[in-house]
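Colleague: Protein chains in written order, with numbering that gives the first Met the number 0: chain C, 0 to 130; chain Y, 0 to 130; chain H, 0 to 130; chain A, 0 to 130.
Careful, some of the hints might be misleading.
It does not matter which identical chain is meant; a pair holds if it fits inside one copy or across any two.
Stated by the list, open to error - In silico SDA-like links for lysine to any residue, alpha-carbon gap of 20 Å or less:
#, residue 1, residue 2
1, Lys126, Pro66
2, Lys92, Gly115
3, Lys92, Glu46
4, Lys108, Glu58
5, Lys83, Arg8
6, Lys83, Lys108
7, Lys83, Glu4
8, Lys108, Arg10
9, Lys6, Pro43
10, Lys6, Tyr69
11, Lys108, Gly18
12, Lys117, Gln12
13, Lys6, Ile52
14, Lys6, Val74
15, Lys124, Arg95
16, Lys126, Ala85
17, Lys6, Glu123
18, Lys6, Asp70
19, Lys124, Arg62
Since the hints were made in silico from the structure, they are not lab data.
There are 4 protein chains.
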Amino acid sequence: MKIHEIKTRVRYQETDQMGIVYYGNFFTYFEMGRTEYLRSLGLPYLELEREHIYFPVTETHCRFRSPAHYDDVLVVQTWVSELKHASVEFSHKVIREGSNTLIAEGFSKLACLNAGRKPASMPEKLKKLLE
Amino acid sequence: MKIHEIKTRVRYQETDQMGIVYYGNFFTYFEMGRTEYLRSLGLPYLELEREHIYFPVTETHCRFRSPAHYDDVLVVQTWVSELKHASVEFSHKVIREGSNTLIAEGFSKLACLNAGRKPASMPEKLKKLLE
Amino acid sequence: MKIHEIKTRVRYQETDQMGIVYYGNFFTYFEMGRTEYLRSLGLPYLELEREHIYFPVTETHCRFRSPAHYDDVLVVQTWVSELKHASVEFSHKVIREGSNTLIAEGFSKLACLNAGRKPASMPEKLKKLLE
Amino acid sequence: MKIHEIKTRVRYQETDQMGIVYYGNFFTYFEMGRTEYLRSLGLPYLELEREHIYFPVTETHCRFRSPAHYDDVLVVQTWVSELKHASVEFSHKVIREGSNTLIAEGFSKLACLNAGRKPASMPEKLKKLLE
């Protein structure tokens, strides 16, 4: 199982008045993790959409273990936790760089849709890369 | 079990290039549902924070059943699905007004923290209102 | 000159760790003001896009006079401050309900684009409504 | 005049249904530019806030010259365009990496506030660094 890592620094915009990263912003970090995971396989998501293949999220979950703060550098780990004919699940851990504190962990399931936005089998080349 | 409803209209800002509401924005709708649920009980969340009681989200989950689009009016239903000494879980359904289409459903668990941001029992008046 | 008003309540998501609304979020309030202004004229922006007419923002400006806080109800005033063949400028004031405090004021210029995303004259029916 | 550059890749979350970066998100890019500008001077904004010095934005402006798209790498240039006793203005250009296309240009003025959130002179060490 391949685990891919990216780093992202918490923006002021991502904080809320509790002084921590707003919970909904972790799903953007998950998105960034998926995007760079696919790029690391040699198949940027951008190219999939250019071929009219779309991967909307159908389910997502996150546990928040420790708050993240402005200017923290977060490490987002991403891996494929389930692969089906027409869907894929990515799992994530978010860790604070340096301290190794677990900040959050979760997953997102994505369905494969075709140009008409109907469920479709995943392209073979993508499936092979994800396996 | 009390179910509280609010309406919110999808902003252009909330859409993404797939032409639908970005998945992470549903957690903002959940927040709005919680906020108005508490206000409807007579205890705005604003007042809780003024008394240095905080409710960060510790876990959240969402299933996306059907896409929401720009300018849709969404009905966000909110209810208390679990109540403990020091935490509460709110559950939600998001429905498109008019069509009655189920757009999304999920929950958020929140922990009660005191002024020092340490776990604390929920204030009695809040617990009674939520029961 | 027609001035249109909407109200919006500040979401927790819109605050930052300074305890105020993040400055970039005012441009979402401006967008909501424009959207409801057009709806009040009988021509929702949604319908313009369905006819493949797009109005991207080409310039925007905002002065922040007083901070807005979580749970504030903001009144967003919108009016047309300049109308040209292929562009329109909307101006805005954001006021806190009740106190009448001026929170922010600014404008956005929008260009009219056709299906090929090229500059185009505004549809006559829209121009007449905006005059 | 020192010009500082950062790079940021456009997130899916930052796009809207027009298929471009939502205009309000450029103010987040400006914020990132300011943050990294200050860090490059050896004085992270985080440390200023730890000393209870705050820099809310009092005015901002942006011209959008060319749309930015998902997955674009944007270069955000930042420089100090005006320095006063109790305020500073940062100017920015946003350029698409590779093509050298000018995407956007603008500025943000920030006021210096003290712990009581009242206008205050800028700390001498900061003023010297910004000159």
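Colleague: Go through the numbered hints given earlier and state which of them the structure violates, listing their numbers in rising order.
Modeller: 1, 2, 3, 5, 7, 12, 13, 15, 17 and 19
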